[in-house]
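> As they're listed, the protein sequences go chains A and B.
Numbered according to this note's numbering, the first sequence spans residues 14 to 132.
Numbered according to this note's numbering, the second sequence spans residues 14 to 132.
Hints in this document: simulated from the structure, not taken from any laboratory.
Note that the structure is a prediction, hence the values are computed from the model and not measured.
Take these hints with a grain of salt, some might be off.
Pairs involving identical chains hold if they fit within one copy or between any two copies, as the list cannot separate such chains.
[As the list claims (entries may be wrong)] Each computed DSS-like pair below joins lysine-lysine, with the alpha-carbon atoms no more than 30 Å apart:
| hint | residue 1 | residue 2 |
| --- | --- | --- |
| 1 | K16 | K58 |
| 2 | K78 | K16 |
| 3 | K16 | K115 |
| 4 | K58 | K15 |
| 5 | K22 | K78 |
| 6 | K49 | K128 |
| 7 | K97 | K15 |
2 protein chains.
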Amino acid sequence: MKKININEKFGLFNEHWSPKIIGELNGQDVKLAKVKGEFVWHDHKNEDELFFIIKGILKIEFRDKTVELHPGEMLVVPRGVEHKPIAEEEVWLMLFEPSSTKHTGDITTELTVDKYDRI
Amino acid sequence: MKKININEKFGLFNEHWSPKIIGELNGQDVKLAKVKGEFVWHDHKNEDELFFIIKGILKIEFRDKTVELHPGEMLVVPRGVEHKPIAEEEVWLMLFEPSSTKHTGDITTELTVDKYDRI
């Protein structure tokens, strides 16, 4: 049982679109990610996903609207809802989702990470 | 599906030791709380609990040590581990925990809240 400082953790990596696990509880992971550019359209069939913005502005496109998230704002994307994150400038974010969640859902692309590092 | 601004949510209440639900995902709640003073010793038999500090300094006493958490820091308290939060000055924090979690565990005190408001 050790405290986790998220700014220290953000200092440990620079890759984009490659979430890092910083904590686990009740079968859920807490992850940090740095993202920039456009991600792929995807959904998670069985997992709701929480995005919490630490730095920058993240747009999340849905098929019927776009939500813009600023630091201190969060959004829960329910399971089965297609979404596509876009960051015009670098964004730092925290994710909270089941440990089973793959960040690109059922889709495999060059962005897909098979295993998330723990930092 | 609506974005949640945590500063706006913190503006909606002032009670201490009375967590408010701001989001739900995968059977877990995201809660905000303002706390000041000493809470009671308790544990959660079946639920791990995440504390993430937004403002102020929270001490969490355990039977064998004390952990001091500053803004941007988090701690996962595993199920079954007795703990007692203490805030000398007011602390604003975010909690992630299963929706079944009672904030005072199995203990009922004058601080116990039976039902958490959703804000």
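> Each hint needs a verdict: does it hold in this structure or not?
Now the hints, each set against the structure:
1. Taking the closest pair of Cα atoms, K16 and K58 come within 30 Å of each other only across two copies (21 Å); inside a single copy the shortest separation is 32 Å, beyond that limit.
2. Only between protomers do K78 and K16 lie at most 30 Å apart by alpha-carbon distance; the minimum there is 13 Å, versus 38 Å within a single protomer.
3. When the C-alpha separation of K16 and K115 is checked against a cutoff of 30 Å, the pair qualifies both within a copy, at 26 Å, and between copies, at 22 Å.
4. When the C-alpha separation of K58 and K15 is checked against a cutoff of 30 Å, the pair qualifies only between copies, where the shortest distance is 20 Å, while the shortest distance within a copy is 33 Å.
5. Taking CA atoms no more than 30 Å apart as the test, K22 paired with K78 passes between copies only; the shortest distance there is 24 Å, against 32 Å inside one copy.
6. Taking the shortest Cα distances, K49 and K128 sit within 30 Å of each other inside one copy (20 Å), while across copies they are farther apart (41 Å).
7. With identical chains, the CA atoms of K97 and K15 are at most 30 Å apart between copies only, with a shortest distance of 16 Å across copies and 34 Å within one.
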